[in-house]
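Sequences are here, hints too, so could you generate the full structure?
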Amino acid sequence: MLEALHMYSLVAYVVKKDGMFTRLQNTLIGWGLAAFIIMFCMCFEYDNYGGEYHCWLRMDTPLLYGQFIPVVGFVIMTFTLIEAAGAADYKPLKGVDKSQLLSARISQRTNLIILPLVFAHWMVGMMSEYEQNLPLYGTFSVLNGVTGGVVFFLHCTNNSQVRAKLTGIYKSMCKGSSR
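Here this note's numbering is used: the first residue of the sequence shown is 1, the next is one more, and so on.
Simulated from the structure, these hints should not be mistaken for lab results. Any given hint might turn out to be false.
Using C-beta positions, here's what the derived DEER-type ranges look like [to be verified]:
#1 175 to 40: 53 to 59 Å
#2 95 to 27: 26 to 32 Å
#3 109 to 34: 21 to 27 Å
#4 43 to 133: 27 to 33 Å
#5 77 to 173: 35 to 41 Å
#6 174 to 61: 52 to 58 Å
#7 28 to 164: 29 to 35 Å
Ideal Cβ positions, reconstructed from N, Cα and C, are used throughout, including at glycine.
Right under this line is the structure:
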């Protein structure tokens, strides 16, 4: 969600460059929200928190709602931010860093691919751990590899220097195959 907020602030011309929050603020907000959710769950479901082999992924107790509802809420808010930034035509600010703006627009679109993949990956992982089901573990492992590869490739292409190198490699490969 913080990444979507960062992209929204650049694409919607809320700020000229570098996003709304500093690296420290992003870290504190990201870890703080996660810690708050975990502490909230522990306060109200302490007896059900943890298990013999499940750690905290107890799906047969009300603790499931404490895990699932915040994640679904963040997914919905993230999609809303991504769509809000991409759906409107905002008046540009003067002095906007053009390279950051282009990278933010590309990142915004890649987040639409990454977010559902990560959410599905999380759900399958949660189910496979709770069910102790070997085919689900296999599916989770495959999704883990696919998610890692997709995140790596798409985040790399968000960088203008990497995009330039990939374009050069692509052009040289296409030139070599036309002979």
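Quiz item: residue 95 and residue 27, beta-carbon distance inside 26 to 32 Å?
Solution: holds (27 Å)
Quiz item: Between residue 43 and residue 133, does the beta-carbon spacing fit 27 to 33 Å?
Solution: holds (31 Å)
Quiz item: Does the hinted range 52 to 58 Å hold for residue 174 and residue 61 at CB?
Solution: Since the Cβ atoms of residue 174 and residue 61 sit about 56 Å apart, the hinted range of 52 to 58 Å holds.
Practice problem: Evaluate the given range 29 to 35 Å for the C-beta pair formed by residue 28 and residue 164. | Solution: holds (34 Å)
Quiz item: Is it true that residue 175 and residue 40 lie within 53 to 59 Å of each other by Cβ?
Solution: holds (57 Å)
Quiz prompt | Range agreement (Cβ of residue 34 with Cβ of residue 109, hint 21 to 27 Å) | solution = holds (26 Å)
Quiz item: Does the hinted range 35 to 41 Å hold for residue 77 and residue 173 at CB?
Solution: With Cβ atoms ~40 Å apart, the hint holds.
Every hint from the earlier list agrees with this structure, and none is contradicted.
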